[in-house]
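Novice: Numbering (the working numbering), first residue to last: 1 to 86.
These are computed hints drawn from the structure, not numbers from a lab. Heads up, some of the hints might be wrong.
Said to hold, decoys possible - Derived CB-CB ranges, DEER-like: (1) Ile76 to Gly8: 29 to 39 Å; (2) Lys23 to Glu56: 16 to 26 Å; (3) Glu74 to Asn54: 26 to 36 Å.
Unchecked claim - Pairs of lysine to any residue, SDA-like flavour, derived with a Cα cap of 20 Å: (4) Lys41 to Met53; (5) Lys41 to Ile17; (6) Lys41 to Asn55; (7) Lys23 to Ser68; (8) Lys41 to Val64.
From the three backbone atoms N, C-alpha and C, an ideal C-beta is built for every residue, glycine too.
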Amino acid sequence: PTAFSPNGDQLNDQYQILHYSGKYEALEFSIYNRWGDEVFKSESLDEGWDGTMNNEPLPVGVYVYSVSYSCDGEFINGVGEISLIR
Numbered sequence: 001p002t003a004f005s006p007n008g009d010q011l012n013d014q015y016q017i018l019h020y021s022g023k024y025e026a027l028e029f030s031i032y033n034r035w036g037d038e039v040f041k042s043e044s045l046d047e048g049w050d051g052t053m054n055n056e057p058l059p060v061g062v063y064v065y066s067v068s069y070s071c072d073g074e075f076i077n078g079v080g081e082i083s084l085i086r
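Taking the hints into account, I'd like the entire structure generated from these sequences.
Specialist: Quick look at the structure:
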C-alpha cells in the first residue's frame, strides 16, 4: 500500500514491510519526514511504523521510506513514499 491510517480501527494502522518465503537477513527499514529527519528505524520484519515518533503522533503527510535487506543471498535496496492519513 502507499497509504496507511493509524487511527485504531485495526485496518492499516501500521506501515510494515511485507515479506514472503525466503531467508531474510540484515534488514534495515527507516522512515523520514519531508525535511529528511529519520522518524522511525527498525531491523525487524515484525515491527511496523505506527505514525508516531517518541510516542507522539506525527502530522498527516508524505514520508519517505528506505529499506535494505538480503534475501537468499541477494542484497536489495528500495526507497519510496508513504502517505500518513488519519
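Novice: Give a verdict on every hint.
Specialist: Checked hints:
Between Ile76 and Gly8 the beta carbons are some 32 Å apart, a value that agrees with the proposed interval 29 to 39 Å. At about 36 Å, the CB distance of Lys23 to Glu56 disagrees with the hint of 16 to 26 Å. The beta-carbon spacing between Glu74 and Asn54, approximately 35 Å, falls within the hinted interval of 26 to 36 Å. This hinted pair checks out: Lys41 and Met53 have alpha carbons roughly 10 Å apart, not beyond 20 Å.
Between Lys41 and Ile17, the direct Cα distance comes to roughly 12 Å. Compliance with the 20 Å bound is thereby established for this hinted pair. A distance of roughly 14 Å separates the Cα atoms of Lys41 and Asn55; the hinted pair therefore holds under the 20 Å criterion. This hinted pair checks out: Lys23 and Ser68 have alpha carbons roughly 14 Å apart, not beyond 20 Å. Of the supplied pair hints, the one linking Lys41 and Val64 holds, its CA atoms being roughly 12 Å apart against a limit of 20 Å.
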